[in-house]
Amino acid sequence: MKETQTIQNKAKTTETTERISGSEAVIKCLLAEGVDILYGYPGGAIMPVYDELYKYQDKIHHVLSRHEQGAAHAAQGYARISGKVGVAMATSGPGATNLITGIADAQIDSTPLVCITGQVGSHLLGSDAFQETDIVGISTPVTKWNIQVTKASQIPEAFAKAFYIAKSGRPGPVLIDITKDAQFEEFDFKYEKCKGVRSYNPVPETDENSLKAAAELINNAKKPLVVWGQGVILGKAEEEFKAVIEKAGLPSAWTILGASAIPTSHPLNVGMVGMHGNYAPNVLTNECDVLIAIGMRFDDRVTGNLETYAKQAKIVHFEIDPAEVDKNVQTDVAVLGDAKASLKSLLPLLNENSHNDWHQKFKDLYTIEFEKVIKNDLHPTKEGLTMGEVLNEINLQTKGEAAIVSDVGQHQMIACRYAEFNKTKSNITSGGLGTMGFALPAAIGAKMAAPDREVVMIAGDGGYQMNIQELGTIFQQKVPVKIVVLNNEFLGMVRQWQQLFFDKRYASTEMVNPDFVAIAKGYHIEAQKISNRKDLKAAVKEMIDCEGPYFLEVRVEKEDNVFPMIPTGASVSDIRLE
Amino acid sequence: MSTENIQYTVSIYTENNIGLLNRISAIFQRRHINIESLNTSPSEIDGVSRFTIVVNITESQMKKIQGQIEKQVEVIKAFYHTEEEIIYQESCIFKMRSNLLFDERQIQNIIKESNARIVTVNRDFFVIEKSGRKEEIDLLHRELTVFGIMQFTRSGRIAVTKDEMKISTMLKALQH
Numbered sequence: 001m002k003e004t005q006t007i008q009n010k011a012k013t014t015e016t017t018e019r020i021s022g023s024e025a026v027i028k029c030l031l032a033e034g035v036d037i038l039y040g041y042p043g044g045a046i047m048p049v050y051d052e053l054y055k056y057q058d059k060i061h062h063v064l065s066r067h068e069q070g071a072a073h074a075a076q077g078y079a080r081i082s083g084k085v086g087v088a089m090a091t092s093g094p095g096a097t098n099l100i101t102g103i104a105d106a107q108i109d110s111t112p113l114v115c116i117t118g119q120v121g122s123h124l125l126g127s128d129a130f131q132e133t134d135i136v137g138i139s140t141p142v143t144k145w146n147i148q149v150t151k152a153s154q155i156p157e158a159f160a161k162a163f164y165i166a167k168s169g170r171p172g173p174v175l176i177d178i179t180k181d182a183q184f185e186e187f188d189f190k191y192e193k194c195k196g197v198r199s200y201n202p203v204p205e206t207d208e209n210s211l212k213a214a215a216e217l218i219n220n221a222k223k224p225l226v227v228w229g230q231g232v233i234l235g236k237a238e239e240e241f242k243a244v245i246e247k248a249g250l251p252s253a254w255t256i257l258g259a260s261a262i263p264t265s266h267p268l269n270v271g272m273v274g275m276h277g278n279y280a281p282n283v284l285t286n287e288c289d290v291l292i293a294i295g296m297r298f299d300d301r302v303t304g305n306l307e308t309y310a311k312q313a314k315i316v317h318f319e320i321d322p323a324e325v326d327k328n329v330q331t332d333v334a335v336l337g338d339a340k341a342s343l344k345s346l347l348p349l350l351n352e353n354s355h356n357d358w359h360q361k362f363k364d365l366y367t368i369e370f371e372k373v374i375k376n377d378l379h380p381t382k383e384g385l386t387m388g389e390v391l392n393e394i395n396l397q398t399k400g401e402a403a404i405v406s407d408v409g410q411h412q413m414i415a416c417r418y419a420e421f422n423k424t425k426s427n428i429t430s431g432g433l434g435t436m437g438f439a440l441p442a443a444i445g446a447k448m449a450a451p452d453r454e455v456v457m458i459a460g461d462g463g464y465q466m467n468i469q470e471l472g473t474i475f476q477q478k479v480p481v482k483i484v485v486l487n488n489e490f491l492g493m494v495r496q497w498q499q500l501f502f503d504k505r506y507a508s509t510e511m512v513n514p515d516f517v518a519i520a521k522g523y524h525i526e527a528q529k530i531s532n533r534k535d536l537k538a539a540v541k542e543m544i545d546c547e548g549p550y551f552l553e554v555r556v557e558k559e560d561n562v563f564p565m566i567p568t569g570a571s572v573s574d575i576r577l578e
Numbered sequence: 001m002s003t004e005n006i007q008y009t010v011s012i013y014t015e016n017n018i019g020l021l022n023r024i025s026a027i028f029q030r031r032h033i034n035i036e037s038l039n040t041s042p043s044e045i046d047g048v049s050r051f052t053i054v055v056n057i058t059e060s061q062m063k064k065i066q067g068q069i070e071k072q073v074e075v076i077k078a079f080y081h082t083e084e085e086i087i088y089q090e091s092c093i094f095k096m097r098s099n100l101l102f103d104e105r106q107i108q109n110i111i112k113e114s115n116a117r118i119v120t121v122n123r124d125f126f127v128i129e130k131s132g133r134k135e136e137i138d139l140l141h142r143e144l145t146v147f148g149i150m151q152f153t154r155s156g157r158i159a160v161t162k163d164e165m166k167i168s169t170m171l172k173a174l175q176h
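Line order of the protein sequences matches chains A and B.
According to my numbering, the residues represented by the first sequence are 1 to 578, in order.
According to my numbering, the residues represented by the second sequence are 1 to 176, in order.
No lab work stands behind these hints: they were computed from the structure.
Do not rely on the hints blindly, as some may be mistaken.
[What the hints assert, rightly or not] Below 30 Å or equal to it, Euclidean Cα-Cα: the simulated DSSO-like pairs (lysine-lysine) are:
1. K236/A <-> K77/B
2. K195/A <-> K166/B
3. K236/A <-> K64/B
4. K195/A <-> K71/B
5. K112/B <-> K327/A
6. K63/B <-> K314/A
7. K167/A <-> K223/A
8. K327/A <-> K166/B
9. K314/A <-> K375/A
10. K167/A <-> K71/B
11. K167/A <-> K77/B
12. K64/B <-> K161/A
13. K71/B <-> K344/A
14. K382/A <-> K242/A
15. K363/A <-> K167/A
16. K151/A <-> K190/A
17. K372/A <-> K222/A
18. K382/A <-> K372/A
19. K71/B <-> K161/A
20. K77/B <-> K161/A
21. K372/A <-> K423/A
22. K195/A <-> K64/B
23. K223/A <-> K372/A
24. K95/B <-> K327/A
[Stated by the list, open to error] Calculated from the model, a selection of chain A residues having no Cβ within reach of chain B, i.e. all distances over 10 Å:
25. G43
26. M47
27. N146
28. F189
29. S210
30. N219
31. E324
32. N356
33. K361
34. Q469
35. Q477
36. Q498
37. D574
[To be verified] Here are some chain B residues the structure puts well away from chain A; computed CB gaps all over 12 Å:
38. S2
39. R23
40. I27
Note that the Cβ used here is the ideal one computed from N, Cα and C, for glycine as well.
Based on the sequences and whatever the hints tell you, model everything.
This is how it looks when you write it as structure tokens:
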């Protein structure tokens, strides 16, 4: 009996293990996790893995970026639009350090990434070997988890944990550093997906009493205000969220990363909160009686001065990450857990309501904002083109179906304020880290993950040039992204601050730019530049109609400012319209 | 919540992993908080490590840091306690010239009264070891300084709580 069992066990082992190299194991792990595309750049310490990629190129598509930062942002764009884990790979030393900005961006914006870096041979670790850098040490503060692998046999478990940790709970980036000898070493490969890590509780249990307390506050509120964030999108809770706000008649505002969870045109959508957000939700934050935060983290760009933020209101916070509760704003009721499950359980506890008088206040304040700001942004009468009217034209011609990938700065605020979103996961931008250079590579990843969607990248002339080399990737991979550069020949947001707070001393913000159209054409990308309003409609049409990638430069007014604006340190209700 | 700095002893139960020390100390570093003392050791559970960290911060800071520590994948649980809630020890070692033992008779009294212990004596030097609370060690240090100390070092704090930690049951479950 015992003997038979041993034989059976042996048979089982041979069935599921095979003797392969560490580098082949890397590919097999990726395939087991459903990865069919990854972004990266080869180099000495990761060459064995690239050699295996060559053999597996029919199963897994490697996209060669032009800089490792581009690979990291492309993987982010891929993850943000698809909800899947993005994968980026680089060699040791400079390859690895070049990933760091993308990793830090993914960490602060909760984007699931698995980054793979090659490392010098384990016998050289710590010896200042060629292209050696302590990437595990460097990436520690900006990763959800990281690990160095020095033996091939550690590879399967490292990958299984990495994917599990990256996508579970509050998602984030992880990094696996693999020494070159571990890539060459042969071992008996067997892959088992990770089902849990004993020290890690990705989704805290939702306490029923806190749900009831939250429902009671919402039901008794006379002037409730919802502020939702990316948690609704990451938690795939868009439907549950809509049901909750519709039943209770809750005016709802979004953070920059929460945008597009419900359509822009939804009657309960009252706009964006924060520094350049809409007038009504910012002002009324300091008038509401219950503030319901859902999957957001009260970032300082959202709250302005915390001493004067919603002090009159009871605060309810739906949140998956316990460390976010009471971090910036003291809550009255915290509902821990996954947004989808919590909101689903909340729905039956809520009374139907409409809050018509309260809604009217949002409409009244919108009218003021429209007259003072929006009208002039979208339908300007002055000569120079505005960023807002370009967005308006893109909205019209894409019917709000496009995913907008924006960079960082004035154009980003304009894009987030005015882009129309009919579909979730449509606003891809660097929110927390504010990484200039994010948009172009992120748009590549987004378009490759969602080839059926129109992906329009919008950048300023500054940020565009921070990763302009990725035009090479677009050309080589034939990625049909639409590239819009709103060129004001300035680092516009910094210039705006210099104008308002530094007495118009424009230190190092004026840009002398190259011929962007010629550069795009150098990469065989169709391109045009416009400077007049009369050409806008036709130019956007030509761009949208183009089957391949397209570059459109729009020369906009040089010294326009973005309003409304909450100056740093001011209260949300002191938001300025001019 | 009080804005006064309080001395907290933080106890962190973790997986035993390379790099976790870096991850935990980075959380204090980010907020520009000085770590007064740090000790890592095995815990009562097989394969589970215990960090003991002493810091002087406000309760509000402490709560936020506790959350950020527990958020680390390989941290099982983090607790913080005030002086009154724990039993703690620190230890220290003094190296001194051997002739003092014979020339300065009160050194022997100081050693006896402070409950210190002579670890070793040879022709040139002798070594005193003392475990106790911070103030006791400070006092002994002051008393011995006048005779000239060749070398002195003290350890990080180690502590157990007076009350049972809620983690006990959770850790028991992990033992299986």
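For each hint, the structure was consulted:
no.: 1; hint: K236/A <-> K77/B; result: holds, 29 Å
no.: 2; hint: K195/A <-> K166/B; result: holds, 25 Å
no.: 3; hint: K236/A <-> K64/B; result: holds, 28 Å
no.: 4; hint: K195/A <-> K71/B; result: holds, 18 Å
no.: 5; hint: K112/B <-> K327/A; result: violated, 50 Å
no.: 6; hint: K63/B <-> K314/A; result: holds, 21 Å
no.: 7; hint: K167/A <-> K223/A; result: violated, 36 Å
no.: 8; hint: K327/A <-> K166/B; result: holds, 23 Å
no.: 9; hint: K314/A <-> K375/A; result: violated, 35 Å
no.: 10; hint: K167/A <-> K71/B; result: holds, 15 Å
no.: 11; hint: K167/A <-> K77/B; result: holds, 22 Å
no.: 12; hint: K64/B <-> K161/A; result: holds, 27 Å
no.: 13; hint: K71/B <-> K344/A; result: holds, 25 Å
no.: 14; hint: K382/A <-> K242/A; result: violated, 39 Å
no.: 15; hint: K363/A <-> K167/A; result: violated, 39 Å
no.: 16; hint: K151/A <-> K190/A; result: holds, 14 Å
no.: 17; hint: K372/A <-> K222/A; result: holds, 29 Å
no.: 18; hint: K382/A <-> K372/A; result: holds, 15 Å
no.: 19; hint: K71/B <-> K161/A; result: holds, 16 Å
no.: 20; hint: K77/B <-> K161/A; result: holds, 20 Å
no.: 21; hint: K372/A <-> K423/A; result: holds, 29 Å
no.: 22; hint: K195/A <-> K64/B; result: holds, 29 Å
no.: 23; hint: K223/A <-> K372/A; result: holds, 25 Å
no.: 24; hint: K95/B <-> K327/A; result: violated, 47 Å
no.: 25; hint: G43; result: holds, 23 Å
no.: 26; hint: M47; result: holds, 26 Å
no.: 27; hint: N146; result: violated, 7 Å
no.: 28; hint: F189; result: holds, 24 Å
no.: 29; hint: S210; result: holds, 17 Å
no.: 30; hint: N219; result: holds, 29 Å
no.: 31; hint: E324; result: violated, 8 Å
no.: 32; hint: N356; result: holds, 39 Å
no.: 33; hint: K361; result: holds, 33 Å
no.: 34; hint: Q469; result: holds, 32 Å
no.: 35; hint: Q477; result: holds, 34 Å
no.: 36; hint: Q498; result: holds, 29 Å
no.: 37; hint: D574; result: holds, 26 Å
no.: 38; hint: S2; result: holds, 14 Å
no.: 39; hint: R23; result: violated, 5 Å
no.: 40; hint: I27; result: violated, 8 Å
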